[in-house]
Amino acid sequence: MKFHIALIPGDGIGPEIVTEAKKVLDRVAEKYEHVFTYESLLMGGCSIDVYGESLTDETLERAKKSDAVLLGAVGGNVGNSRWYDIEPSKRPEAGLLKIRKGLELFANIRPAYLYEELKAACPLKEEIADQGFDMVIMRELTGGLYFGTHKTEEIDGVSKATDVLTYDEKEIRRIAVKAFEIARKRRSSVISVDKANVLDASRLWRKVVNEVAADYPDVTLSHMLVDNCAMQLVKDPAQFDVILTENMFGDILSDEASMVTGSIGMLSSASLGAGKLGLYEPSHGSAPDIAGQNVANPIATILSAAMLLRYSFDLDEEAAAVEAAVKQVLAEGYRTTDIMSEGCQLVGTKEMGDLITARI
360 MKFHIALIPG DGIGPEIVTE AKKVLDRVAE KYEHVFTYES LLMGGCSIDV
410 YGESLTDETL ERAKKSDAVL LGAVGGNVGN SRWYDIEPSK RPEAGLLKIR
460 KGLELFANIR PAYLYEELKA ACPLKEEIAD QGFDMVIMRE LTGGLYFGTH
510 KTEEIDGVSK ATDVLTYDEK EIRRIAVKAF EIARKRRSSV ISVDKANVLD
560 ASRLWRKVVN EVAADYPDVT LSHMLVDNCA MQLVKDPAQF DVILTENMFG
610 DILSDEASMV TGSIGMLSSA SLGAGKLGLY EPSHGSAPDI AGQNVANPIA
660 TILSAAMLLR YSFDLDEEAA AVEAAVKQVL AEGYRTTDIM SEGCQLVGTK
710 EMGDLITARI
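For the sequence shown, this note's numbering gives the first residue as 360, with consecutive numbering after it.
Treat the hints with care, as some may be off.
[To be verified] List of simulated lysine-lysine pairs, DSBU-like, C-alpha gap at most 30 Å: (1) K594 - K566; (2) K423 - K460; (3) K529 - K544; (4) K566 - K635; (5) K449 - K424; (6) K510 - K449; (7) K390 - K424; (8) K529 - K554; (9) K478 - K382; (10) K382 - K361; (11) K635 - K529; (12) K635 - K361.
Calculated from the structure, these hints are not laboratory results.
Full structure from sequences and hints, please.
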């Protein structure tokens with residue numbers, strides 16, 4: 360089969376980790392007799408340097424013509440970067456919001472799985488880590504606070520900032536359907552996370568999710584307030600199967616979930632819409648402090664490439680082969696610095712990519 364992939368290396372460690380993921384995809388194409396073609400696109404700070412904005416309309420249109428988009432990371436050090444001395448709408452992260460909206464990607468899927476081999480790197484108590492966990496966070500991606508009205512004004516000599524949180528029932532319904540469909544393929548449990556004791560948007564969220572649940576009698580639905588969910592993720596992560604939540608809550612909770620896996624460098628993600636075109640990226644940032652040092656963990660990006668194979672290309676066997684290769688390398692004791700533990704062998708970004716590629 361033939362597919363065209365848009366590569367967006369981005370900033371910081373982005374180019375390094377995307378290089379390793381492409382290496383893995385090339386090996387998959389070779390082994391399974393596919394043809395993958397690539398097109399590199401600029402987004403983030405590197406695009407600001409060239410075009411004066413984080414994502415141009417032309418780049419967005421080129422991404423739309425691909426079969427899938429693989430992204431590294433964008434941005435720099437917020438307190439020490441020329442990219443943040445400009446208005447927020449032109450900063451590196453604005454490109455992320457624009458491409459998600461432009462590609463109509465409303466569902467963000469973030470798995471959080473504790474590998475047996477990485478239990479030593481898990482920061483939780485041993486008795487909690489020993490239970491293991493395997494969850495998926497379904498985050499609504501194009502609504503909520505991040506896409507509401509934002510303004511800062513001065514009223515009677517006092518600066519006032521306003522950010523508006525808005526959801527409509529259609530936005531809630533479509534992400535809820537995605538969550539229940541995925542739960543059916545897993546352990547048939549959905550926990551919907553909101554702040555319905557305070558927010559009108561959360562009360563509507565809960566109402567619509569209950570309506571969707573009626574169409575999935577084989578899936579168990581429960582509700583949890585976001586502050587309780589944050590506590591439960593570190594107290595008893597094994598209880599979670601599919602977590603369904605809105606944009607900002609999902610942003611925060613998925614980062615928390617990534618750290619209990621041992622490192623944010625292990626957490627992949629997929630952003631999907633109604634069709635097959637998706638955006639795949641690691642959940643971590645651009646880590647400019649370690650860029651170019653061959654120390655970044657490429658596994659989250661490689662696992663994101665596996666999700667690309669599964670969700671955009673329907674290549675389940677190939678995706679499973681990549682995931683198995685990652686597991687094998689970890690079982691053999693190879694580690695990047697962020698997941699290093701006693702008795703293991705330390706390797707760099709490139710070496711980790713080579714090891715995983717060789718085992719596909």
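A quick look at each hint next to the structure:
1. K594 - K566: Since the Cα atoms of K594 and K566 sit roughly 28 Å apart, the hinted pair holds (cutoff 30 Å).
2. K423 - K460: Roughly 11 Å separates the two Cα atoms, so the pair holds.
3. K529 - K544: holds, 23 Å
4. K566 - K635: OK: K566 and K635 at ~29 Å, within 30 Å.
5. K449 - K424: holds, 24 Å
6. K510 - K449: Satisfied, since the Cα-Cα distance of roughly 15 Å is no more than 30 Å.
7. K390 - K424: holds, 26 Å
8. K529 - K554: Holds, at roughly 19 Å.
9. K478 - K382: holds, 28 Å
10. K382 - K361: Measuring from Cα to Cα gives roughly 17 Å; hence the hint holds.
11. K635 - K529: holds, 20 Å
12. K635 - K361: Given pair K635, K361 holds - Cα atoms ~14 Å apart, limit 30 Å.
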